[in-house]
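Residue numbers (the numbering used here), protein chains in the order written: chain A, 732 to 1085; chain B, 732 to 1085; chain C, 732 to 1085; chain D, 732 to 1085.
Since the hints were derived computationally from the structure, they do not count as laboratory data.
Among the hints, a few may not be true.
Stated by the list, open to error - Simulated DEER-style distance windows between Cβ atoms: (1) L830/C to E793/A: 35 to 45 angstroms; (2) E932/B to E1002/A: 38 to 48 angstroms; (3) P917/C to K1047/A: 39 to 49 angstroms.
To be verified - Heads up, simulated DSS-like pairs for lysine-lysine below, C-alpha to C-alpha not over 25 angstroms straight-line: (4) K844/B to K877/D; (5) K765/A to K1004/C; (6) K892/B to K988/B.
All C-beta atoms in this analysis are idealised placements derived from N, C-alpha and C, irrespective of residue type, glycine included.
What follows is the residue order along each chain.
Number of protein chains: 4
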Amino acid sequence: MSSLYGENLKITVFGQSHSQAIGVVIDGFPAGVKIDELELQKFMDRRAPGRLYTTPRKEKDEVKFLSGLNENGLTCGAPIMAIIENTNVKSKDYDNIKLCPRPSHSDLVSMLKHGEGADIRGGGQFSGRLTAPICIAGGIAMQVLKGLGVNVGAHIYKIGKAVDDSYSTTSQEIPINLPDFPSLNPESASKMQDELLSAIEDGDSVGAVIECKITGVHVGLGEPMFDGVESRLAKILFGIPAVKGFEIGAGFSVADKKGSENNDQIVLDNENKIVTETNNDGGVNGGITNGMPILFKVAFKPTPSISKPQKSVNLKTMQEEVLEIKGRHDPCVAIRAVPVVEAAAAIAILDMYL
Amino acid sequence: MSSLYGENLKITVFGQSHSQAIGVVIDGFPAGVKIDELELQKFMDRRAPGRLYTTPRKEKDEVKFLSGLNENGLTCGAPIMAIIENTNVKSKDYDNIKLCPRPSHSDLVSMLKHGEGADIRGGGQFSGRLTAPICIAGGIAMQVLKGLGVNVGAHIYKIGKAVDDSYSTTSQEIPINLPDFPSLNPESASKMQDELLSAIEDGDSVGAVIECKITGVHVGLGEPMFDGVESRLAKILFGIPAVKGFEIGAGFSVADKKGSENNDQIVLDNENKIVTETNNDGGVNGGITNGMPILFKVAFKPTPSISKPQKSVNLKTMQEEVLEIKGRHDPCVAIRAVPVVEAAAAIAILDMYL
Amino acid sequence: MSSLYGENLKITVFGQSHSQAIGVVIDGFPAGVKIDELELQKFMDRRAPGRLYTTPRKEKDEVKFLSGLNENGLTCGAPIMAIIENTNVKSKDYDNIKLCPRPSHSDLVSMLKHGEGADIRGGGQFSGRLTAPICIAGGIAMQVLKGLGVNVGAHIYKIGKAVDDSYSTTSQEIPINLPDFPSLNPESASKMQDELLSAIEDGDSVGAVIECKITGVHVGLGEPMFDGVESRLAKILFGIPAVKGFEIGAGFSVADKKGSENNDQIVLDNENKIVTETNNDGGVNGGITNGMPILFKVAFKPTPSISKPQKSVNLKTMQEEVLEIKGRHDPCVAIRAVPVVEAAAAIAILDMYL
Amino acid sequence: MSSLYGENLKITVFGQSHSQAIGVVIDGFPAGVKIDELELQKFMDRRAPGRLYTTPRKEKDEVKFLSGLNENGLTCGAPIMAIIENTNVKSKDYDNIKLCPRPSHSDLVSMLKHGEGADIRGGGQFSGRLTAPICIAGGIAMQVLKGLGVNVGAHIYKIGKAVDDSYSTTSQEIPINLPDFPSLNPESASKMQDELLSAIEDGDSVGAVIECKITGVHVGLGEPMFDGVESRLAKILFGIPAVKGFEIGAGFSVADKKGSENNDQIVLDNENKIVTETNNDGGVNGGITNGMPILFKVAFKPTPSISKPQKSVNLKTMQEEVLEIKGRHDPCVAIRAVPVVEAAAAIAILDMYL
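So that you can see chain A by itself, here it is in the shape it has in the complex:
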């Protein structure tokens, strides 16, 4: 494992789905900061299950700070360590998975890489549950960034054919009050929910794309060649389970564009400030922020746990078998991943500020 991210703000995520606790150590966080624990908990709740179109499992993600704060609740310069205790964990029935790894899960690679040590209960260290510690660190990072005038906001951009293209690419505004279903355009949101309902009915799941915008970033952040903004963002975002793609600005659509369409022409705005007319570069040139909003998209594959019968191989008998996964899972991991993407982006950006 290398559960460490960051150069100046170093976060280490620990825990497994069924370990006693999961959590994060945050090293390099500035001293003297008052963490708003209430706001943090609200942020955590956006990821927690139990909402619309998410798993009905109960997980109260209560954050406990065990170190890093002084007697007045200010960060003291020492590493901040926070845990979420794993309660009501039922590890009884993973024997079947140990024999028959689930398709497109990490069961097989974990068993082959970690041997007898492999902890595949609930997905072990590969569980989506490990995104909660990312939200702890990211939630705190967002509080600091806010003080610097930097805001981070994400929404569901696409599920199936339904696309929410209501984000402006050039404005420095982010819609603050995300609806309960985290997409902005009511019409496309409704179509997305149809996709989800249909997947749930079929015992199936569906993929999605999340779009994220970061505003208020000054010019000059990012250290090319290999520590540019995109390299930093991609490195942390691919740490989120189920992520299969990352693109910035116009992303993969560039293949279909001419330079004359894609180039962001340089102009003056009303206040005589240099801006670009379009934002196909997504706020970054040569790995360095150019002052326009940072805009990127992340692709999440469909939840691999589905009720439909699937082929697998019994590792003991070395025979093919038909596997049926019971339990109720998120029909689309991306729904709960919206705050996770924000958190990851906030960690990456704050790391570059420090």
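Given the coordinates of chain A, work out where chains B, C and D should sit on it, guided by the hints.
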């Protein structure tokens, strides 16, 4: 700048478009390896200009090793340092760019970040020329990987609407003899060339997507959460100028897929070896290789240097101006970037092997 | 703070003297290892207070593993996280220190660096208490090293004028059963204890040198120039509070030696194996292990907390004041630091093995 | 090899004694700085051989910058790469060493670690010659530090029994004009030279201790636990060949001190600024600078190359042999190492400033 990549195989790329030399230091390379300099030079030539649909500039990218080899030409365990001298550099006419930064180039961010120090001659440190040192390191890495049974091959997947989908996603074969135009399907290749010709005629440029396949990788490479295979690949690939997107396996197309379609079902092949029926995960689960070929795509934006008039702002007068960029540039940076993507991937993979 | 050590085995120490818990995250530890928790606890006890010539404070350093183990208690490849809860912490009376920083403590630098956030209760993050997490990680590392035939042993080498030079520099043996007072020669140990008693009586403290030996290390460990064995050892050892010097082999005594005395001549031993006659190089040449025992010494300054009156400056009034530190402290921090030095060395060595 | 040092200012040293060139890449250096190449060359000359009591070998260490500067000679933010060409290298006669490794040299470990690849010509990558690139990077770093009011100065503190204790530990002054023989007290300098002459006459060598002082450093530099000032300094200093010990402030002498003697009492100076009466902590508490001068010492072992006959083992016949090393070597490596220690310290300090 942070021109360093790698954990065990550490490469540092140095140079600017018009510095005396560009090059790379490779630290952590195994001792006792004989570098095939002829094969390396052939690999370098695939990136060099002067081929079909590339800039007619002459750059003979001759590699000189100044350290790291012993008296018998074997790597000695010390850092390998190699340079390519910059000859025939004409820096005369960049005064205009200093006043009027080119749209979607790094001129503006560099001038704002580096101030008086900024070296914008020929794009300075942001020039595509800096991909040559990546090819030196990657070319050597590919030689070592070959000895381990690992092969890396890329091709142009898409330009405009033309798509070359001739790569098999599940076979462990890579077409070895790439045609002179680096795409495999003659029909789509011909359409891609039409796009290029049309862009050249219009004084315009065009974007593209490169697809890359890595075969022969054993199960278990990659250290999640943040040093998984995708994080490692993305970090280095976004170091290549003009890259705007990275996706693995089914990538962004997952948004449009059901879990039952997207999951790679686990089966036995003819030799009773565990494989997957499809390869939508692109050879990676949970950041760890699963033994199937690693398959990823990289999006390259259109060359920002175009002849068509564009808007910019004169930094002295703070007035908008119309900019026309002279000279002949690559109509599509991706053509010469095919070996660069291979090189970057090889560095990332070898780094994980060491 | 940068509380992270290691390249492959990455440990992050967290906590303050009076935070709810202190502990460590260990990332990169091999999977499938059974940790002997009983043996670990015994190792922890060697550092715990309450023994001869140590502070009579009660701290039961009970280790709790919250993540990283699977259902069978084997390491699972995920980060290992362990805590020690801080119980019975009395933070009442640090107001005086906040006004008048203690000489040769970290109070002053912490208050100036961390401002209002500074946590100086019990020394905060600078407390010797933070060596307990080092012992958790190091104790586990020693268990793995033992399996590889590598042993680590330390003892008190010097207090005042009393020197215990009973360690052989060339033999691959380490005395296993350290006496209760951690020095080997009864005669010098008795003199050391006289020094301690005299310091206690005077309300004073005394410094010391710890010597450490690592046996069974194969030839070839260490990556010069800057990741040689000494650089790695020094980096972690200077993380232990109160350390003021590190030397390997003949160390500072080389200034007084001729090359002909100091050189370790190369000979064959009884089994025709290449060894050196002496071990002035301390088992390392050019940063790389040479197969002889690694031998190094670490200097610990006298406990800065003493009962004698000392000068300080009142930060509010900006007047000089006379400070008297109450409470009972270790008369010599080195006594309890013997296992800490072993632990730190074990972490550094295992990191190089992985 | 891991020839990389630094977190923000990353330097990578490359080259072997007999490679075509040696040099350094400096990544992360601030943009817009004018390097004074003349002053740098003067600094390099202090390390070059040919002076009093050094080897009469001719090595003109001429620095060539191949990248990192713009057209006006200002640093441009891209990595600075500089080389020194190796001229007049005679590699003829190392066959004997390949058979019979020299005692206390790196020949044996290199041959065992690097196998056929080992480059032992002139000591290969372990040669003292590789300290020249450290001086390039350090010389530049000193120029930047000077602008920040930070100065670095070293001298020979001890050879044999002769000690130069003329450095004040508490004053923020460094003697600027070091005499040709780099020690300050004429009397002890004369005794040191007697030691050197006697070693030369005997075909022997002698060890030494260098003392270094850094003034003008503000309070608060250093990131404990493991990136404190001492950890950073030690890591780079042990990268210098022949270094066997590092101590800060009172160093190993603390073993012989009471807390009441060793503690640096806190007082007000004439300008009502908080200082300490003594400087036994060497300017650092808890890994963090306290505003007093940083003071440390480094032990250099005697040059291992001596003319006197020594025992070694013929690796082919596996018989013991008597080895005589011809050629003229530095009788004491420390003499030329004085600027190297300054350079290494400057790199470490500037890295912490950036």
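Verification of the hints:
1. As the Cβ distance of L830/C to E793/A is approximately 38 angstroms, the hint placing it in 35 to 45 angstroms holds.
2. Remark: the range hint 38 to 48 angstroms for E932/B to E1002/A is upheld by a beta-carbon distance near 40 angstroms.
3. Taken as a hint, the range 39 to 49 angstroms is violated for the pair P917/C and K1047/A, whose Cβ atoms sit roughly 60 angstroms apart.
4. Under the criterion of a C-alpha separation no larger than 25 angstroms, the hint pairing K844/B with K877/D is consistent with the structure, at around 23 angstroms.
5. At most 25 angstroms may separate the alpha-carbon atoms for a hinted pair to count; K765/A and K1004/C exceed this at roughly 62 angstroms.
6. Distance restraint check for K892/B and K988/B: the Cα-Cα separation of roughly 22 angstroms lies within the 25 angstroms cut-off, and the hinted pair is therefore satisfied.
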